[in-house]
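Novice: Here is how the chains run, residue by residue.
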Amino acid sequence: MRYKSLIINNPEDLMFGIAPYPVKTRRGLEIGGGQVYAELNFTLPVMSINKNTLDRVYEHYREIAEGALERAVHLNSKGVVLEFETLLEMTKTPSIGVEIVKIMNEICENYYQKFGLASEIRLTPNDLREFERPAKQRTSGYLEPMMELFEKGMIAGGDLLSIESTGGKEVSDDALMNCDIKTIVFALAVLGVRDMRFLWKKIVSAANNHGKIAAGDSACGFGNTAMVLAEKKYIPKVFAALVRVISVVRSIVAIEEGAVGPDKDCAYEGPFLKAITGIPISMEGKTSACAHLSPIGNIASACCDLWSNESVQNIKLLSGMAPTAYMEQLEYDARLMNEALRAGKLHRNVLQQLLVASDVFTDPQALILSPKNVIRISKELVKGDSYVANARNGALVAIDIIEEALASGKMKLSEMETNYLPILRDDLESIPDNESDFVEMMLPLIDPGKFILAEYGL
Amino acid sequence: MEELLEKLLEAVEFGKVDQKSPYPPQLKGQDGSHEITISAIETGISPQRILEEALIPAMARVGKKFSENKIFVPQMLMSARAMGASMLQLKPFFTSGDIKTKGTFIIGTVKGDLHDIGKNLVAMMVEGGGWSIVDLGVDVGSDRFIEALRNNPGAIVGISALLTTTMVNMGEIVSSIKEEVPDTKILIGGAPVNDDFCQKIGADFYAPDPQGAVEYLNKMAS
Chain A
1 MRYKSLIINN PEDLMFGIAP YPVKTRRGLE IGGGQVYAEL NFTLPVMSIN KNTLDRVYEH
61 YREIAEGALE RAVHLNSKGV VLEFETLLEM TKTPSIGVEI VKIMNEICEN YYQKFGLASE
121 IRLTPNDLRE FERPAKQRTS GYLEPMMELF EKGMIAGGDL LSIESTGGKE VSDDALMNCD
181 IKTIVFALAV LGVRDMRFLW KKIVSAANNH GKIAAGDSAC GFGNTAMVLA EKKYIPKVFA
241 ALVRVISVVR SIVAIEEGAV GPDKDCAYEG PFLKAITGIP ISMEGKTSAC AHLSPIGNIA
301 SACCDLWSNE SVQNIKLLSG MAPTAYMEQL EYDARLMNEA LRAGKLHRNV LQQLLVASDV
361 FTDPQALILS PKNVIRISKE LVKGDSYVAN ARNGALVAID IIEEALASGK MKLSEMETNY
421 LPILRDDLES IPDNESDFVE MMLPLIDPGK FILAEYGL
Chain B
1 MEELLEKLLE AVEFGKVDQK SPYPPQLKGQ DGSHEITISA IETGISPQRI LEEALIPAMA
61 RVGKKFSENK IFVPQMLMSA RAMGASMLQL KPFFTSGDIK TKGTFIIGTV KGDLHDIGKN
121 LVAMMVEGGG WSIVDLGVDV GSDRFIEALR NNPGAIVGIS ALLTTTMVNM GEIVSSIKEE
181 VPDTKILIGG APVNDDFCQK IGADFYAPDP QGAVEYLNKM AS
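Those sequence lines, one after another, are chains A and B. Mapping of the first sequence onto our numbering: position 269 corresponds to residue 269, and the numbering continues sequentially without gaps. Mapping of the second sequence onto our numbering: position 86 corresponds to residue 86, and the numbering continues sequentially without gaps.
Calculated from the structure, these hints are not laboratory results. By construction, the Cβ of each residue, glycine as well, lies at the ideal position given by its N, Cα and C atoms. This list has only true hints and no planted wrong ones.
With beta-carbon atoms standing in for the labels, derived distance ranges:
id	chain 1	residue 1	chain 2	residue 2	range
1	A	K383	B	E147	49 to 59 Å
2	B	E147	A	D385	48 to 58 Å
3	B	K70	A	E339	45 to 55 Å
4	B	D98	A	K233	34 to 44 Å
5	A	A289	B	K200	18 to 28 Å
6	B	D18	A	K233	25 to 35 Å
7	B	P25	A	M441	15 to 25 Å
8	B	K200	A	G141	32 to 42 Å
9	A	S408	B	D98	53 to 63 Å
10	A	I423	B	E147	36 to 46 Å
11	B	R49	A	N434	47 to 57 Å
12	A	A289	B	P25	35 to 45 Å
13	B	R49	A	K233	32 to 42 Å
14	B	K91	A	S205	45 to 55 Å
My request is simple: use the sequences and hints to build the entire structure.
Specialist: The structure is reproduced here in structure tokens:
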């Protein structure tokens, strides 16, 4: 791993709105440069996407962008990011995705010219390679439309490039259901890392060719799947917290390859990435209640630079369309954080402390996100010589932190949860430092029909 | 005989596959479902009794504990593995017709959708409830459901979706199945669907969780 030390060493410096390496955008946002902006994410209501419905699809996105930016202007917003996460059909047929970017970019430009509202589009094609099992990460025919959407979508006005890539997911899904932490480390720190390196070389090169911003990648299909399964009480929350920590070594590869942030909203590994690399990050918490329950509603914003809502359908609410309503909620949260930033160090620290204290001991997934714990875990995540060792070390210190919180009586977990801690610790401790030794250890334990070694350069 | 069935029930309930399995710790060193099933067959206990008096009740207990949030999925999967070890020994009796299942359940994730965690859990619990499973996998269109129904007359169909943009495909599949194989019962499940949606698309039952699917199917079988 390229990073051997942290850019942010002091928990007090891991602050919302401030990143050591801010990102400046075309229309003048300075993400991480001293204020928090809203990042709105949205999707279609229940409908099919086909040639008969395409006009209505385009109309939905027009309505979403118009409604959101109009509301942002009403609220004197200092800037907005609109995240366009494509649906399957929009990536398979890139011209659909490109057209939507074009529609929204025209609206962004119009609001910029008329009202001076700075806004940018984050373009996030979905990873089509997931549609083949076993996945062909490097040779799939799906890579072509994905990269075409990145290329043409940038020209159409997509300024920030992101993806929720899925390398290793074919192995991790079963591992999540079995609470198999060693296979999770294999999926993320071996397969995930290798796929990220392959994919992000391409994305960074494309972004550099067009003068656009390679932003970052979320381990959504891993960490957030674990979070949702834990919410449903399918797996323990302590396990989901460890999956989050392990996902850091996979997501950091985008930055090692040249991504500069802002990292993606659903990447709750973002605070660790910010501490290690100094890039700005997007986060989501209570405002993502439209998409899923969040056990980290307040604490998630403790060091965000963009504040997001995960995804909301374009459906009618009493106040108007749902994305417009969510724009308002995000804007008010951002306004509060910005006022604290304006008022100075004491005030911003107090606000952050309240955001942290209100969640930190309610769930192990919140516990690991307190700035103090992020720094402590991050130090372990860069200490070793391999991604595997770093993933293991980070997860082990996360167990220490959970056990300390339990011992102090500040956090309470059921026996069903705590019974897993010694098992997880034993499994993690059996992982060797070296990637080759680890691969040798794991290959006999994983169904060889699940994945293709060569597709990961193994 | 009764004692063996009791032991088998316990082994499956707590996920003890064989003597070597380290889990669960309280059964360490004891026989697992593999060895107990062999002993039961050798003792002359009928395979049908093994299924009905040990395996199905064990999985019913597991399903109940899961529904009541008393265990997590990994424990349920261990039980399913223990049941699988037992079923391997019973397989010849299914083939010969000495054991009858409650019916066949065809399951798949809807066309355009790759999410299979929920579908797999339902399949596992339904199998544990004494049904034969035909798992069509993910991204399944109406053609494959209809083909499977033709190969398994009288089977019940389960369709799963996770996305709001793929749940709409359930409607087309339900219509096609009802048109081609009219008496087919269809149950649906998945995060974005509900009972209203189920009625709207003409499906027969909405299962909010795996146990709900098992209960509906058992009602259909009785």
